[in-house]
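Asks: The residues making up each chain are set out below.
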Amino acid sequence: MADLHNLTARALGALIAGRQVSAREAAEAFLARIEVADPGIHAFLTVTREHALADAAAIDARLKAGERPGPLAGVPVALKDVLCTRGIRTTCGSRILERFVPPYDATVAARLAAVGTILLGKANCDEFAMGSSTENSAFGPTRNPWDPERVPGGSSGGSAAAVAAREAPIALGTDTGGSIRQPAALCGVVGLKPTYGRVSRWGLVAYASSLDQVGPLTRTVEDAALTLNAIAGRDPLDSTSADLPVPDYTQACRAEVRGLRLGVPSEFLGGEVDPTVAGMTRQAVDTLCEAGAEAEECSLPSVTHCLAAYYIIAPAEASSNLARYDGVRYGMRSREHAGHIGMAERTRDEGFGDEVKQRIMIGTYALSAGYYDAYYRRAQQVRTLIRRDFDRAFERYDLLVTPTSPTVAFRLAERADDPLAMKLADICTLPANMAGIPAISVPCGFLEGLPLGLQILGKAFDEPTLLRAAYTYEQATDWHRRRPPL
Amino acid sequence: MPEYEAAIGMEVHAELLTGSKMFCGCRNAFGGEPNTRCCPVCTGMPGSLPVMNRRAVEHVIRAALALNCRVSPDARFDRKNYFYPDLPKGFQISQYERPIGIEGWLGIDTEAGPKRVRIRRVHLEEDTGKLLHLATGESAVDFNRSGVPLMEIVTEFPPDMRTAEEARAYLTKLRAVLTYIGVSDGKMEEGSLRCEPNLSVRPVGSAGLGTKTEIKNLNSFRAVYRGIEYETARQIGVLRSGGAVAQETRGWDDARGQTFTQRSKEVEQEYRYFPEPDLVPLQIDEEWVDRIRRAMPELPDAARARFVEQYELPPHAADALTQTRATADFFEEAALTSGDPRAAANWMIGDLARLLNASGTEITDSRVSPRHLADMLALMAEGVISGKMAKGIFEEMFATGVSARALADRAGPQVSDTAAIAAWLEEAIAAEPRVWQELCGGDTRKQGYFVGQVMKASRGKANPAEVNRVLRARMEGA
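Residue numbers (numbering that gives the first Met the number 0), protein chains in the order written: chain A, 0 to 485; chain B, 0 to 477.
Just so you know, the hints here were simulated from the structure itself, not pulled from any lab data.
Worth double-checking, as some hints may not be accurate.
Calculated cross-link-like contacts (lysine-lysine; reagent style DSS-like; alpha-carbon spacing at most 30 Å) [unchecked claim]:
id	chain 1	residue 1	chain 2	residue 2
1	B	Lys390	A	Lys356
2	B	Lys186	B	Lys129
3	B	Lys114	B	Lys79
4	B	Lys114	B	Lys186
5	B	Lys445	A	Lys356
6	B	Lys460	B	Lys445
Predicted model only: the values in this text are computed from it and were never measured.
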């Protein structure tokens, strides 16, 4: 079969389970696709060819022995390179970890392996997941499969581009302020940020611990649900992971949306949001209403302060999380140094890129004794207000619907010198992280030949309702069937 | 010239007795080959996350209760950020705004009577690794200690203690309490109990406080006492000569018996504390605290009172035997096994304490067990060995761990043979006939001399009762 790489995870998994296609054939198809497509995209930092073929052979052996290892057995995956993989280098897109080989797997990597997926490689990303364009990778940017002159979004740009370019049916990304959903929107794929605590963060190299969450990037909502089934659930290694039962998310997709109440917050339809984008969001809401949902416009007044508060809290936590990269135990160590403080200084200076340094500086400043109350404490208060806004909204509505990104993918280097414009790319996605609630982006149209995303937000741990609406929308449209011109 | 007094505060760090470390499953133990007890969590590897050790939290709740503190229902962890090569994450997980225990006190005995030393806070944190400076001039880090649960107990400010004696009493009592409740082994020489006194002096009667200094690197109670004595005198000297005390951290040189400037120009360290996002806040409900409170063991003050009551010990003996839980347990076992609490107490306060001190051994590591001591007391009661033999046997038991009975057998039994004793006595009379005359002339004080000579001749094996009997018979016969 020549076109294995165009199949969804669900379809591919079914063929493998039915032994019409071997896991090895599937792995080889995607490895071949990577060879052809990736030179122009640069979605991967590391391709784990040998691992993939060996793991695929093991799956084939299990299938041959009569085992039925589940719907994702033999399905290839890519992991954002901030997720630790035992024995496979994990760079975080940074010089400082260029040669870091973790002796452990991230829980999500282990869980995906446990259901039989095959690791193809590690996907490019903004350094330590800081950025909205994947231009901050120390190893060069990823390009948007729809237009190589444009960014794929960030920071999980490699993961999104890999899925869009058919280099992997499933990729995992991480989302601290929109880093799964925004690149999913800009690359025309599905991106799901689960509820904070739904998926273990063990082995996810932290950017901002209280906001980070791992989630899938896939071509369909059903594939996202399948992947979430595999990775969700309590992990004793992460005390912030929730001890709640994991529902069957694929089952949840099938339910009707009739009677679902949708809120459409007006704050996301003006201001920085492109009027055409806003118009497409309204159209998408109409589509859901045609399927039986009810919608009305509403307000989340505090979200206007979200960007400011996020850019205090996330850098504050980052300044602390990134303090461990001091050249003492692993990763890079500067050759030129005098004394241990000098060594750490030189190592950090040489190892970190500008964006990372800038955020460390901002975070350090925001946490310092004289400014803590004015910045960090205030930002936490804003966060509380945002949560309350959502609580109030979810008393009336089952879901909220907004655009994912205020614009389509911008050109490489276009916003490099305009940090504020760059940060505005996450303006629609940040609130979900601040509130810890789940959100999904699904393709909802094209502008100038570039994809756009619809964002649906739900109550904490209510991924089933979220997936149900996203699936219904997807079934009613065919945006997700379009392929980039590769 | 005004008279001066010191105001002394104290920060004590106690490593907690838990099976595993604070935030990971690594074993919590002292020493060992460097970097043999560490994992991604305690070395701060990328992607690793802390998981709280509930036992460590319970230990701190236990300590907070024993120190009469209030237990915060909503305690939480914070990050204390600073760079040091032995600090793997670049921050230490500690407690800042909401510690587990607040506003307590510890009662101590002073010359002027009982006194309360107020405690400001008791909190939980993780220990750091340890830097090893190699002969090559390079430095290496040992992370075995990294992540070991550490409790910090800080006295209230303004400080309540005034003298080195009070500071020592506070530390002694604190160690007793911590070892009694089983949260710490109290071993200063292994660093499991570390204390940093801070002190300032002021003219007696003045309301304010002088500039304070902090003394680091004290690893014995004696060093704490001497350090405070020295530092008090030094600061008074500075003030008397019209100088000003500099705010600084001072080290302690035990050989010279002096403190010295370590870091001057103290600036407020910028730790950039903020709530630890990788751990959920602690929720310490009443029920949990009650459960711990109900299971609390007897505290040293209660044990002391009970020892006086139950075993009829003099208060000073009861005091000495309740300095640590291990000492008290040792005593109770020896007392109950031997049925002679007084004798057990005397041996422990006398010979055992002397030998432990001289060899720098903790009672928990003593080769003499309570059963050994009880056996020896039984042999004495049976008349198998004399008190003098017992002293030698006790020292040998201490050195070798061989039981009293085996040693007594090896030394040969006590000699009660009248003929042999009479022969030794005749030798002694022959050596000092004049003294013998004085004894027979009614100077009974001389009796002890001859008993001693016989014991000496028998190398301690003669049965003293028999010696006395033979001696009296000989006097009557003379």
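Asks: I'd like to know which numbered hints this structure contradicts. Please list them from smallest to largest.
Replies: Those not satisfied are hints 1, 3, 5.
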